[in-house]
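Listed below are the residues making up each chain.
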Amino acid sequence: MSTVFGQVVKRREDPRFITGRGQYTDDVQLPGMLYAAILRSPHAHARIVSLDVEGAKRVPGVVAIYTGRDLAEPMGTVPTAWIPPESSLKTPPHHALAVDKVRYVGDGVAMVVADSRYAARDALDLISVQYEVLPAVVNQVEAMRDGAPVLHEEAPDNVAFHWQIGNVTDEVFNQAEVVVRHTIRQQRLVPNPMEPRASVAQYNPATGELTVWVTSQNPHIHRFILSGILGIPEHRLRVVATDVGGGFGAKIAVYPDEALVAFAAMDLGRPVKWTEDRREHFLATTHGRDHVEELELAGTRDGRIQAIRVRAYANMGAYLSTAAPGVPTILFGLIVPGPYTIPYVGVDVYGVFTNTTPTDAYRGAGRPEATYLLERMVDLYAREIRMDPVEVRRRNLIPADEFPYHTPTGLEYDSGNYHLALSRALDMADYDGFRRKQQELRAQGRHVGVGVTTYVEICGLGPSQVAGAVGFQGGLWESSTVRVHPTGKVTVFTGSSPHGQGEETTFAQIVADKLGVPVEDVEVVHGDTARISMGWGTYGSRTTPVAGSALAVALDRVLEKARRIAAHMLEVSTEDVECADGQFYAKGAPSRSVSFQDVALQAHMAWNLPQGVEPSLEAQAFYDPANFTYSFGTHICMVEVDTDTGDVRIDRYIAVDDCGRVINPMIAEGQVHGGIVQGIGQALWEGAVYDEQGQLVTGTLMDYAMPKARFFPNFETAFTETPSPHNPLGVKGIGETGTIAATPTVVNAVLDALAPFGVREIQMPLTPERVWRSIQEGGQRS
Amino acid sequence: MIPQAFAYRRASSVAEAIAILQEDSGAKLLAGGHSLLPLMKMRLANPATLVDISGVKELRGIQRVGDEMVIGALTTHAEVAKHPLIRTHLPALAEAAARIGDLQVRNRGTIGGNLAHADPSSDLPAVAIAYDARLTVMGPAGRDVLAAEDFFLGPMVTALPDGQVISSVAVPIPASNTRSAYVKCPHPASGYAVVGVAAAVAVSADGTVEHARISVTGAADCAYRARQVEEALVGKTASLETVHEAAQYAAEDGWIGSDVYASEEYRRHLCCVYTKRVLQKVLL
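Protein chains in written order, with our numbering: chain A, 1 to 782; chain B, 1 to 284.
By construction, these hints were calculated from the structure, which means they are not laboratory data. Among these hints, one or two may not hold up.
What the hints assert, rightly or not - The list that follows gives simulated cross-link-like pairs (lysine-lysine, DSS-like), each with its CA atoms no further than 30 Å apart:
no., chain 1, residue 1, chain 2, residue 2
1, A, LYS708, B, LYS82
2, A, LYS10, A, LYS489
3, A, LYS90, A, LYS101
4, B, LYS57, B, LYS82
5, B, LYS41, A, LYS708
6, B, LYS41, B, LYS28
7, A, LYS587, A, LYS489
8, B, LYS281, A, LYS708
9, B, LYS281, B, LYS236
10, B, LYS57, B, LYS41
11, A, LYS708, A, LYS10
12, B, LYS281, A, LYS437
13, B, LYS41, A, LYS57
14, B, LYS41, A, LYS101
Said to hold, decoys possible - Reference listing, derived: stretches of chain A covered by chain B, where coverage requires no fewer than 3 residues with Cβ under 8 Å from a Cβ of chain B:
no., stretch
15, 117 to 131
16, 705 to 717
17, 765 to 776
Every residue, glycine too, gets a C-beta built ideally from N, C-alpha and C.
If we strip away everything but chain A, and leave its shape as in the complex, we get (with noise of 0.2 Å):
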């Protein structure tokens, strides 16, 4: 067999984006196109009064207006499609345009379409609304007090869900050597990607056929969702999202703006297109992460983790947005114990309405939040028994003979070597040098500090038994189809839906190797519901375990049917043909042979196939996982802070992470980088600020800081590779490790600098106002 499986292949698709040439969603332009603008609240929480749209229809230009009440009836709501059980899940309608009360910044009231963009915009200040306002509340412990703004009557306590999960008791507390408490935020942030949002629609009067291009990480999501809310039977609708720049969890969820754009192209009979502007992005966009936590661990004197209790209160804004409910509680609650052997473990989670924009996943999506907090406590209890941080994760990691694993929440981890990735990481990061120049830094009144943390991850979603069991309305297998075309190149429809993850290469290396063919001889084609007969997207890390591992069965099984024609071929038994780096062999005469092209030629001409098989060269197989995968890992930060303005400067980044097989090592590790910029974009500069009116002053690009190359050093990656049992190919996922590891990283890199303050907490983001403040209030230098 080749060896393309593990190799460097340079990303196919990026010349077609970095010269300008992706077919972007915005890039769409049909004849007699029109363009959509949406009228968004100005204020968090307010009855609309009256709505005038008579100015407004006076913009030359100006072709349609539709206000929430116009829509009501014609439109179904927008729905939930993560329902967990047992948890008093509330979903008050989410109507695509308001209909009396607004309830947050950004909501839609009412869409204005017309023949330019300009036009529907200016038409927008000319619409005159009348509104009431009312009192908002946009911090979720605050909605859940009495007396508090009421969002939905449906859910008068603003309590959109209750969940729980453990199997933990007072008694292990109240017994226990040792208990830690602590309180903890975790902030709001705007997910950011190149690309924002956009949705054009195009409805064939003749046909009935409506098809809709829309920046989307799940295109046969999008068209199950919008063929509910349209009332247009999923035959005739078509999604496509062939090139997507970038979604991070944000353009998982279905939202009224692309259900807008194809009512108005039905009731139009016209094109429209739509196109999120980055303002509109901050308002519009589901956020991600906003949990308050009330935390406790229980240990013994000698470093043994015996429990850990959670009490979650997320935000989940003014509506549940597409999967949002799955996040603080599935994606979060059941990952709370980490790689620790942590026998007792609590989770409660209060998901609650707040006048702000709603959330929805964010790369890692609820495993960056457990994380965090398990690892804050982590180090929190080591300070408390005067322990190593690093010597206290050793005597709890799941030693690598106990795999499979069973946590007290439910899931089975199928494999790992946790101690093996932390002493590699040591290793590279030289972590009892740098313990002993510290002390020697600290003496001359520098301030360095080291964070470490070791992780697991729920990746690789999921079986779709266990979706159906844990509430989400779908299922999470995965399809591919392999189709070998007559001069023996190759074309593969999958149904996950990449969007920056670089899987038209990784996947034409998995068909490479599998089928001895050249890289370049390979298409992937992904995002477009009429050439993939079904997939459930790109999100939590599946693309490759799962989506992957179902490519690896179709391939089989042309593999299976080409060895049967080589055999015919070569007028030997099937069982004496061998197989390798694209030709077939006669056991034990190695000259007689046909190569891959020439069996798929045969097999398309049909002259003298063997009886009973069809002719053609295709397979299609419908994976579904038998089990999540968990990648796992230890990452490394060092950092120095600046005591006279609180600047914190990161020195060095290591990341040792364990994905299974590696299938393309540079991808990987680009996966890697991005993952640990984003983490720490949480930890030292992002954050989603609203006043106490409900309005996001971090509203712009100039407001809200995304982390720039220049603020990060190189970082310093490497692999492990322990396969997973549970796929074809021994993989996991990648894509989200280092979000979920790099944000406690730093910020136990930064309160291990400033340790000698007898500093505890300084709230995320970590700007240097906050971490001058902590030294300032931290007490006399011990």
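Use these hints to put chain B onto chain A, whose structure you have.
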């Protein structure tokens, strides 16, 4: 982020630009566009007419005229940052220009546009004040010269009369015993100065501070001259002690502001820290 409709006119000379500004009170000058266009996209500025002066050749270029460096208003930040005479004689200006925004901004943004826009967090006003720069402005009645020190009146408010155009910035070349520098704490999102401090300080042969001009930007409603710091320096021996003593007055001459990123208290503190740092650079 779609601007309102506006008329676009291209001026081929300063005189033509002034004439358009006189006849159309809703007109604004467009040079590099890196301050005005973002405001227009947010619909915070809605000029009826843009007068594009980017093709006016007489407004470009850097030259030495006697004891001054004269910089045409349309000179880009990138051109200022890399110009050998600026780097030699006005290092604080080169340092500040090199740290504005990012490469694209520096290649488009202009010194005249930057000063006229008068963003309170902009780097160049501090440097212009510290170097005692003079702004040549042209209007229907002819040419006038304004001191940078008197130019910045408040956030985006300047002494530039309506309908007039900054044509050049003249910066006196400091005496050979003068050292100057600019340091800044950039906002992590915008790159603008949370606090930026420019200093031009002359020290005599015996180590006494002869002359000092210190200016702070970012911290207050507009860039200001830190006179109390200057007073604490002049006549003193250039020493660490003098620097520490003087730097503590860094926030005393401005209306220090507060925002979601940095409170007034912290900004005051940063004024002192960065003043200390810039003085260490030029004095020690």
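Hints, verified against the model:
no., hint, in the structure
1, A:LYS708 <-> B:LYS82, "23 Å, holds"
2, A:LYS10 <-> A:LYS489, "20 Å, holds"
3, A:LYS90 <-> A:LYS101, "18 Å, holds"
4, B:LYS57 <-> B:LYS82, "20 Å, holds"
5, B:LYS41 <-> A:LYS708, "23 Å, holds"
6, B:LYS41 <-> B:LYS28, "15 Å, holds"
7, A:LYS587 <-> A:LYS489, "26 Å, holds"
8, B:LYS281 <-> A:LYS708, "27 Å, holds"
9, B:LYS281 <-> B:LYS236, "17 Å, holds"
10, B:LYS57 <-> B:LYS41, "28 Å, holds"
11, A:LYS708 <-> A:LYS10, "24 Å, holds"
12, B:LYS281 <-> A:LYS437, "28 Å, holds"
13, B:LYS41 <-> A:LYS57, "22 Å, holds"
14, B:LYS41 <-> A:LYS101, "28 Å, holds"
15, 117 to 131, "holds (count 5)"
16, 705 to 717, "holds (count 4)"
17, 765 to 776, "holds (count 5)"
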